[in-house]
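Engineer: Spelled out, the chains give:
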Amino acid sequence: MKSLEKASYNAAFSHIYVEKEIIDHPNTIEILSRFPKAVKIEISRYNEIFSRSNQSFIIQKKSPALILAKKYGKFLFEGAPVCQDFGNEHFYYTTCVMNCIYDCEYCFLQGMYDSANIVVFVNLEDYFAEIEKLLAIHPMYLSISYDTDLLSLEQKLGFAQKWCRFTKAHSDLTIEIRTKSANNKAIEVLTPSKNIILAWTLSSETVQEAYEHKTPPLMQRLSCIKKALEKGFQVRICFDPILYSKDWLSSFEEMVEKTFTEIPATKIHDASIGVFRISRDYLKRMRKNRTDSVIVHYPYEYDNGVYHYGSHLSHLMTSSACDILKKYIPDEKIFVWN
Amino acid sequence: MITIFTALYCEAEPIIQYFDLKRQDDINGFQLFSRDPIHLLITGVGSINAAIGVTSLCSSSLYAPDFGDIIVNIGICGTKNLSLGKGSLLLGKKIIDLSTYRAYYPDMIFEHEFTESTILTSPVPVTGSVNNSAIVHSLHTEHSSIYAGSTEISMTECAGLRTQSFIHKDNTNTISNEWLSDAINLFATDMEASGIFHAAKLFYQPHQMFFFKVVSDYQDGEKLRKQDVLSLISDNIGQIAKWILPIHDELQSRKPMVFSEQEKALLNRTAESLRLTVSMQFQLKGLLHYYKIKNGDFTRDLEQFLKENIKQTCKNKNEGKKYFEKLRKSFL
Ligand code: SF4
Chain A
1 MKSLEKASYN AAFSHIYVEK EIIDHPNTIE ILSRFPKAVK IEISRYNEIF SRSNQSFIIQ
61 KKSPALILAK KYGKFLFEGA PVCQDFGNEH FYYTTCVMNC IYDCEYCFLQ GMYDSANIVV
121 FVNLEDYFAE IEKLLAIHPM YLSISYDTDL LSLEQKLGFA QKWCRFTKAH SDLTIEIRTK
181 SANNKAIEVL TPSKNIILAW TLSSETVQEA YEHKTPPLMQ RLSCIKKALE KGFQVRICFD
241 PILYSKDWLS SFEEMVEKTF TEIPATKIHD ASIGVFRISR DYLKRMRKNR TDSVIVHYPY
301 EYDNGVYHYG SHLSHLMTSS ACDILKKYIP DEKIFVWN
Chain B
339 MITIFTALYC EAEPIIQYFD LKRQDDINGF QLFSRDPIHL LITGVGSINA AIGVTSLCSS
399 SLYAPDFGDI IVNIGICGTK NLSLGKGSLL LGKKIIDLST YRAYYPDMIF EHEFTESTIL
459 TSPVPVTGSV NNSAIVHSLH TEHSSIYAGS TEISMTECAG LRTQSFIHKD NTNTISNEWL
519 SDAINLFATD MEASGIFHAA KLFYQPHQMF FFKVVSDYQD GEKLRKQDVL SLISDNIGQI
579 AKWILPIHDE LQSRKPMVFS EQEKALLNRT AESLRLTVSM QFQLKGLLHY YKIKNGDFTR
639 DLEQFLKENI KQTCKNKNEG KKYFEKLRKS FL
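Protein chains in written order, with my numbering: chain A, 1 to 338; chain B, 339 to 670.
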């Protein structure tokens with residue numbers, strides 16, 4: 001029995017789950033006011049939805065729900081060995097939002113979380129209090145958009161603004177907001193500061209079109225970067241992850257060329273390069289989730305808990321990418337993940 | 339496969355007629371009706387019966403669900419909300435089991451035009467009020483009855499005539515979000531949904547589960563006849579079918595890629611010819627999976643490789659390893 005009709009998916013955030021405890025939190029009220037049409041559902045704790053076993057990350061990605069919750073426990077985490085620390089001694093990351101509106105096939109989040117729904121911890125004041133405690137001991141470099149793309153959500157959450165305001169008032173704190181967005185409106189409302197780094201991940205057009213679903217194309221990202229630079233932001237460019245394909249090098253070269261035709265290389269704070277690598281546990285789940293992805297099912301080589309292209313190919317890709325980048329950016333401003 | 343569960347035969351009858359289902363052998367004493375891809379099982383009243391019914395069907399090898407299948411619960415319900423007309427069709431967005439206070443959440447992924455509601459599943463027909471700040475509920479079994487023609491069906495057998503009102507928060511607690519006060523009015527009460535969900539979550543993912551309730555009464559003790567139940571469901575089954583069939587098609591089209599029997603046989607033959615270790619067999623499977631995604635098929639090229647390279651089974655594991663590397667290189 002087949003139907004002549006086609007099923008349609010709800011728009012993202014058609015349903016918002018709200019933890020009882022933060023129903024009256026100002027950030028909850030602010031966020032909900034931006035979703036007048038969404039169905040709101042009260043819940044006890046976010047994990048009764050988010051952490052259920054046996055959910056479909058892939059189907060939920062088609063129509064992710066929003067979950068507003070309160071964060072407890074640990075707020076700050078020391079950078080993992082697979083992360084780039086950009087030469088910062090006290091490198092931390094934090095997770096005030098879990099999951100992302102984009103849908104990159106290689107994204108580690110699908111190996112990390114049971115659900116593709118997006119959890120937003122509204123109690124930012126508790127994050128700020130923890131940071132202040134640490135800042136009393138040492139300066140801090142903090143990645144705040146690690147498990148999400150905060151800038152892409154700015155019109156809905158307004159969190160980047162809050163983080164920037166806090167960071168501006170704490171000179172010992174440097175934050176990195178990593179993004180693939182082309183959210184010009186967000187750039188308009190944010191105020192630049194020397195301790196706020198906006199870090200754009202760029203991928204070749206081929207990669208973006210094939211594997212970075214729902215993300216803005218390269219040229220849109222570049223025009224947003226241009227705007228950010230004009231406004232005086234510190235901008236980092238991340239060519240990470242670089243994905244292997246037979247013609248990866250020519251696509252990469254073309255992308256770098258386009259990038260620096262659009263934006264002045266001299267104004268870039270720094271750049272990073274990293275060839276795709278992923279932890280074993282994540283890849284295992286990703287493969288289960290995405291049975292039809294060439295990226296996820298590439299026969300990677302494995303050692304020390306990490307899957308990668310094999311040391312020979314990885315080194316070759318890294319050094320070729322570096323050589324191309326060096327034509328535009330001085331060596332000391334290029335950070336390489338090896 | 340679309341598996342529908344109802345509590346009562348009078349709820350099932352219009353569905354059986356609509357889809358032209360045929361009686362099958364009972365499963366653990368539960369009546370089953372089928373016409374591929376639709377199956378309907380009558381669980382009997384109450385969440386425990388519902389859970390046993392779901393488990394019985396889903397654990398039988400013929401009806402074990404997979405990623406492309408869906409489960410649908412259809413039944414009548416009571417509500418205190420007078421703005422919902424009798425016969426209103428509700429889609430459950432949250433289910434609360436009133437004996438455990440456990441909440442269940444089907445994923446609300448697909449667009450629809452139904453009214454969404456919270457379904458409160460009670461172990462017995464209920465009257466009285468519930469204060470949700472502690473969710474203190476008072477339940478008492480009412481021995482009223484519904485009339486199915488000349489046959490009297492005991493109230494406890496009927497999913498429907500439940501009477502209760504819910505006060506969502508302490509009156510002292512100010513509700514600053516308007517949506518809360520709107521939301522509280524959309525409660526429906528039944529006796530099965532939580533049992534269905536509880537059992538179904540072992541077999542289905544939350545986006546595969548759908549709970550439809552048709553308002554039959556306002557929990558005021560009104561007696562319901564079998565004929566009333568029949569027409570309530572019969573008036574709504576068309577709408578439900580129109581919505582679930584495309585969802586089923588969509589999920590069927592998204593079934594994960596698996597190897598066919600022929601592909602599996604070739605994989606095994608290759609592993610044997612190359613004398614691969616268990617871990618290398620695993621790698622081979624991964625490589626062929628990758629090749630299939632990329633090129634749509636691996637059998638032709640693998641047969642060709644075997645023909646050109648492997649005249650007979652490799653003498654030892656080392657030789658096999660050498661050919662495996664060669665295969666890997668040519669398939670990457
Ligand atoms: S933008 Fe980043 S976080 Fe978002 S899906 Fe892509 S890789 Fe994941």
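Any given hint could turn out to be false.
[Claimed, not checked] Here are the computed lysine-lysine pairs in the DSSO-like style, where the Cα-Cα straight-line distance is at most 30 Å:
(1) K6(A) with K539(B)
(2) K623(B) with K246(A)
(3) K284(A) with K561(B)
(4) K632(B) with K6(A)
(5) K623(B) with K70(A)
(6) K288(A) with K539(B)
(7) K655(B) with K645(B)
Hints listed in this document are in silico derivations from the structure and should not be mistaken for laboratory results.
Predicted model, so just to flag it, every value in this text is computed and none were measured.
Engineer: Hint by hint, note whether the structure agrees.
Structural biologist: Against the structure, the hints come out as follows:
1. K6(A) with K539(B): Cα-Cα ~26 Å, so holds.
2. K623(B) with K246(A): This hinted pair holds, its Cα atoms lying about 22 Å apart.
3. K284(A) with K561(B): The hint is violated at about 56 Å.
4. K632(B) with K6(A): Status holds; Cα separation ~27 Å.
5. K623(B) with K70(A): 43 Å, violated
6. K288(A) with K539(B): 18 Å, holds
7. K655(B) with K645(B): 19 Å, holds
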